[in-house]
Every structure is written in structure tokens, then in C-alpha cells.
Amino acid sequence: MIEFRGTCRRFGPKVALHPLDLVIPKGEFFAFLGPNGAGKTTTLTMAAGLLRPSEGSVLVGGVDMDRDPIGAKKALAYVPDQPYLYDKLSGREFLRFVAGLYAIEAAAARADIDRYVAVFDMADWIDELTETYSHGMKQRVALAATLLHRPQVVLLDEPLVGLDPQTGRLVKRILREQANAGTTIFMSTHVLSVAEQTADRIGILHHGRLVALGTMDELRAKAGAPENLEEIFFRIVEAEEARKP
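Our numbering applies: residue 2 is where the sequence shown begins, and numbers increase by one.
Here are the simulated DMTMM-like cross-link-like pairs (lysine to aspartate or glutamate), alpha carbons at most 25 Å apart as the crow flies:
id, residue 1, residue 2
1, Lys-15, Glu-159
2, Lys-27, Glu-159
3, Lys-173, Glu-4
No wet-lab data here; the hints were simulated from the structure.
With the sequences and hints as input, model every part of the structure.
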């Protein structure tokens with residue numbers, strides 16, 4: 002699971018994330034929504050241990066990221082919005098490299114790589130250099146690499162941006178299956194329909210504050226019972242804007 006305890010982040014005088022108290026339990030698919038600059042990526046990068054909170058703490062699998070960063074990071078995997086692969090490696094070589102980083106035994110690594118090549122439908126191009134890949138192909142390899150060491154927590158920043166509909170559908174299915182199997186999924190997205198279709202709970206950030214949190218039914222009740230998440234989102238954000246002095 003992931004736990005934010007009074008987690009705050011400032012950049013000089015600017016508060017990117019006001020103190021956040023949030024628990025995302027084991028096996029939950031959680032989606033973070035918010036306008037540009039709301040603090041979503043800041044929150045994710047602190048959860049990944051790439052950015053230290055100005056105040057408060059982040060725990061991953063019960064391990065404090067600040068006190069034991071290696072222990073916390075062993076439990077998670079992080080996929081940024083622009084996946085980085087080594088251009089002069091093939092996709093398969095990259096997956097072998099990642100398996101080596103996590104000290105996965107060679108025979109087990111080969112079996113898992115073959116399985117994910119099949120799951121992500123990569124057989125036709127996995128042995129080509131990654132410099133020839135489209136964004137969607139790179140994203141498939143990055144997600145396969147993410148799952149190789151069977152993380153307890155998966156952090157995803159805009160995982161479906163730039164993907165074709167077929168790949169997007171495949172990724173949503175695999176992430177949902179991972180959550181059903183007990184993996185905690187924490188996803189930031191601008192694609193409201195994806196959050197509506199996949200997430201167990203949804204949080205809405207606005208100017209660095211968590212202004213709404215709950216299931217679709219709970220958010221509908223908060224927003225006055227609109228049907229879809231797009232309408233819920235705009236009602237909540239517009240209400241927050243109206244409260245500003």
C-alpha cells in the first residue's frame with residue numbers, strides 16, 4: 002500500500018502540494034485527476050522516491066521512503082509519462098537488463114520475459130533496437146519491465162498518453178488484472194474515461210489540495226449526481242474556483 006502522512010512539497014514560495022493525508026490500500030486501483038499544475042506529478046515522484054517532501058512522509062508497503070529508500074523502492078515500480086529505454090538495446094535486451102538489476106534468476110527471467118512478450122503482443126518487434134520503436138511500443142516494453150519483479154505498488158504517470166486504442170485497451174486490462182491480483186495501482190491521468198472505467202477510487206487535486214476523494218458513487222453524490230466523471234470533475238473544480246477570494 003501507499004500512505005501519505007501530512008506530505009507537503011514546496012518549490013521556493015510556491016506550494017505544489019499542500020499537506021496530504023491519504024492511504025491507498027493493497028489491491029486498490031487509484032486514479033489521481035486534476036488540471037495541469039495541480040500537483041499530480043509532484044505527488045507521484047515523491048511516492049517514487051525521486052523527490053523528497055518538504056514536510057511529512059511517504060510510506061510504501063509500510064516502509065518510510067525517507068528513512069529506508071532502498072527498502073521502499075524494492076516494493077514499487079514507476080512508469081513516467083515518457084518512458085526511457087536504451088536506444089542501442091533491443092526490447093528483449095532491455096528487459097534482461099532490468100531483470101538483472103533486480104537479481105532475478107536467469108531461467109525465471111527468461112520465462113517471465115517470454116510471458117510478457119506474449120501478454121503485450123510484442124513478438125514481432127521485441128528483438129529490434131528500441132530506437133526504432135513508436136511511443137506505444139516503448140510504453141509496452143516499459144510496462145513489461147515494470148512488472149518483471151512483481152512489485153507490490155505500481156506508479157503510473159499518464160500511462161495511456163499517445164497510445165493507439167488497441168494498446169490502450171490492452172494496458173487497461175493488464176493493470177486491472179494486476180490490481181485484482183493484489184497489486185496497488187496509483188495512476189495519474191488526464192483521460193477521465195480511463196479513470197471512470199478502471200479505478201476503484203478517484204482523487205481530484207486542485208491547486209495542490211485534495212478536494213474530492215471517493216468511489217464514482219461517492220463523487221456523484223458530492224457533485225450533485227451527474228452521470229459521468231467528466232461532468233463530476235468540472236462541477237467539483239468549478240465549485241473550488243468559485244470559493245477562491
